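**Student:** Listed below are the residues making up each chain.
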Amino acid sequence: MTATATEPGKIRAKARPGDTTFFGLAIGAGSLILVALAAVAVFLLAEALPAFTADTTGMNSSPANFWAYVGPLAFGTVWSSFLALLFAVPLSLGIALFISHYAPRRIAQGLGYVIDLLAAVPSVIFGLWGIKVLAPAIVPLFGWLNEHLGWLPFFAGQVDSTGHTILTVAIVLAVMIIPIITSLCREIFLQTPKLHEEAALALGATRWEMIKMAVLPFGRPGIVSATMLGLGRALGETMVVAMLLSPAVVINFVLTSGQNPSTIAGNIALQFPEAHGDAVNILIATGLILFVITLVVNSFARWIVARRAAFSGAN
Amino acid sequence: MKLTKLGTVGAIVAVGALALAGCAANEGGTPAPTGDSSEAPAVTLSGTIAGSGASSQGSAQTAWITAFQTANPGVTIEYDAAGSGAGREAFIGGGVAYAGTDSALNDDEIAGGFAGCVDDSFIQVPAFIDPIAVVFNIEGVTELNLDAATLAHIFKGDITDWSDPAIAALNDGWSVSGPITAVHRSDDSGTTKNFADYLFQVAPDVWDAKPADPFPYTTGTGAAKTSGVIDAVTNGTNTIGYASASAAGDLATAKIKVGDEFVGFTPEAAAAVVAESPAADNASETNLAIKIDRKTTDPTHYPLVLVSYIVACGEYADAEVAPVVKAYVSYITSEEGQAVAAETGAAPLSAEQIAAVQAVVDTIVAE
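Chains F and B are the protein sequences, given in the same order. Letter by letter, the first sequence follows residues 197 to 511 in this note's numbering. Letter by letter, the second sequence follows residues 1079 to 1445 in this note's numbering.
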């Protein structure tokens, strides 16, 4: 910032080697991420172009064209992530509020560590846990849902007796994104101005009312950002989906059947090892679509944050 | 504070780099001291060759390579289990010295020529017979008889309950009921293609999809890789699936109807059907592609098998790799090599096949 001040008469800060070095490093780091992003985008575009006109009949389920192939995958990607958020966000908010406002300090710290530890577990472990523990354990629940709530389209049809359904995947995804959302929300809730909280309490608010009036409005943009970060991980999650989901190229909302819409990332992981020729381009093109979906979701999140910022009380 | 953090990161990076470097050094060092000099052949081979192809051959290739490199310390062989299609493509383009593939080269591929070979000369020999088992998990049931049509109906989703009369008709005293969960591979697989080929040929009225690597119908449950299928069948209830027989483990396997009898898989029955199957339409003196007789009625045959091939050049443009490839392919198709493969679950080639294959391998030009 000092380097640009060249007007005569102004006192110019002496350039110290430390400053220039860190300036260079910071610029380098900043541009490197742009270069990496551009490189990925260029790679995706260049490799994906042939796919839009390629013959897709050799792909799984032999769809008529590229869009018929990527459509169900894009749907499955968004649908599974949406389900995961549905489970993860309320739970994360609860955990974060407990840590920041309810728990005794010592428990709060310990719990915080445990949550952060959960974020460090590799997804392949979550996948194995899903296959070996969660899927077999959850099948009776599916049977119950199907029996009693089968009139809902979500639980209709035949129950998959292996438990490899999109609901199981969504639960595992939720467990994976809870640490991300929780730790961000916790930090945000802790930053609520003490004066706001004390003012609310002084006006006779209970603790819950104080949270409702002071903490949540203040943290709203942060909650949205945290949710979007979690969503980003859920959208791109590969291993769990590839290992755990029983995929079919379909679009449906059934949560308990064996024919689930797969996700783009999971499908690439499954199909790429044996892919050759056009199939490689088609799979990379689905990756491009995922790139676009992520971009749209992130822009949407930015927009929400920017829109909400004015009313949040944060300023 | 910040600097301390930077320092920590730096230390982690440094330790990581050291650890990685350590790994690399170990790997580089391993082949050298494997000195079992008593097995060393008279002619010392040396050189590096690369192969690519079927993942079904992956574990067998690893076993072959280990044994072959132990006997020939100067040789390095790399096999990239990238998939049959990728392997054939790499071989056609001249990128690898040999390919392993679950489907024989088709006419177009042969007509297109091979970049790494002189005059597009090639050999194609069976190297690996992998019986496919129909595994199931129904409480209290250890024996299950199925014919191709019923099997096709189950995997196509037409038969959805074990109490179906079609199943009862094939099994005496059948009293099982419950919804069927049919587990198939969710990734592309030569196992799926050969399973589908069996159903397509024996029960074409039911199984109307042309055999291919992806599972053709949107029914049943998909699971990733062989281990995923086995796991889903084991952990589910009233499940049925198909997988390489070597992976079946403790699971019960169904018998399939051949002629008038029901035949369970055995390595002998799998080898027998391959031995007595006719040559493929495009077979030649150096192309030993087999058209597996799926419709066999001989009850000593088990027609639900996968044959994996090795494809190599008849004469190499790069003459240096020829002796190594020749010796290696000769080794894997020898009785010794087949015995090594059998330990990984494959069915060995018959003695006659070994003789025929060895005769073809001998035609590889290596001076």
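Mixed in with the good hints there might be a few duds.
Stated by the list, open to error - Facing chain F, from chain B, some residues (calculated, C-beta under 10 Å):
id	residue
1	1132
2	1162
3	1259
4	1266
5	1268
6	1329
7	1333
As the list claims (entries may be wrong) - Which chain F residues stay away from chain B? Per the calculated CB distances, all over 12 Å, these:
id	residue
8	238
9	244
10	253
11	298
12	300
13	311
14	314
15	347
16	354
17	409
18	425
19	439
20	469
21	470
22	489
23	497
Since the hints were derived computationally from the structure, they do not count as laboratory data. For clarity, every value in this text was computed on a predicted model and none was experimentally measured. Note that the Cβ used here is the ideal one computed from N, Cα and C, for glycine as well.
**Student:** For each hint, tell me whether it holds in the structure or not.
**Tutor:** Evaluated hints:
1. 1132: holds (9 Å)
2. 1162: holds (7 Å)
3. 1259: Residue 1259 of chain B check passes; min Cβ-Cβ to chain F is 4 Å, inside 10 Å.
4. 1266: holds (4 Å)
5. 1268: holds (8 Å)
6. 1329: This interface hint is violated because 14 Å lies over the 10 Å limit.
7. 1333: Check failed: Cβ of residue 1333 of chain B comes no nearer than 23 Å to chain F, outside 10 Å.
8. 238: holds (24 Å)
9. 244: Holds: least Cβ distance 19 Å, greater than 12 Å.
10. 253: violated (9 Å)
11. 298: Per Cβ check, residue 298 of chain F is outside 12 Å of chain B; nearest 30 Å; holds.
12. 300: At about 28 Å from chain B, residue 300 of chain F clears the 12 Å cut-off, so the statement holds.
13. 311: holds (21 Å)
14. 314: It holds; residue 314 of chain F is separated from chain B by about 21 Å at its closest Cβ, greater than 12 Å.
15. 347: holds (19 Å)
16. 354: violated (6 Å)
17. 409: holds (36 Å)
18. 425: Per Cβ check, residue 425 of chain F is outside 12 Å of chain B; nearest 22 Å; holds.
19. 439: For residue 439 of chain F, whose nearest Cβ neighbour in chain B is about 6 Å away, the distance does not exceed 12 Å, so it is violated.
20. 469: The claim breaks: residue 469 of chain F does not keep its Cβ more than 12 Å from every Cβ of chain B (closest is about 6 Å).
21. 470: violated (4 Å)
22. 489: holds (22 Å)
23. 497: Its Cβ never comes within 12 Å of chain B, the nearest being 29 Å, so this holds.
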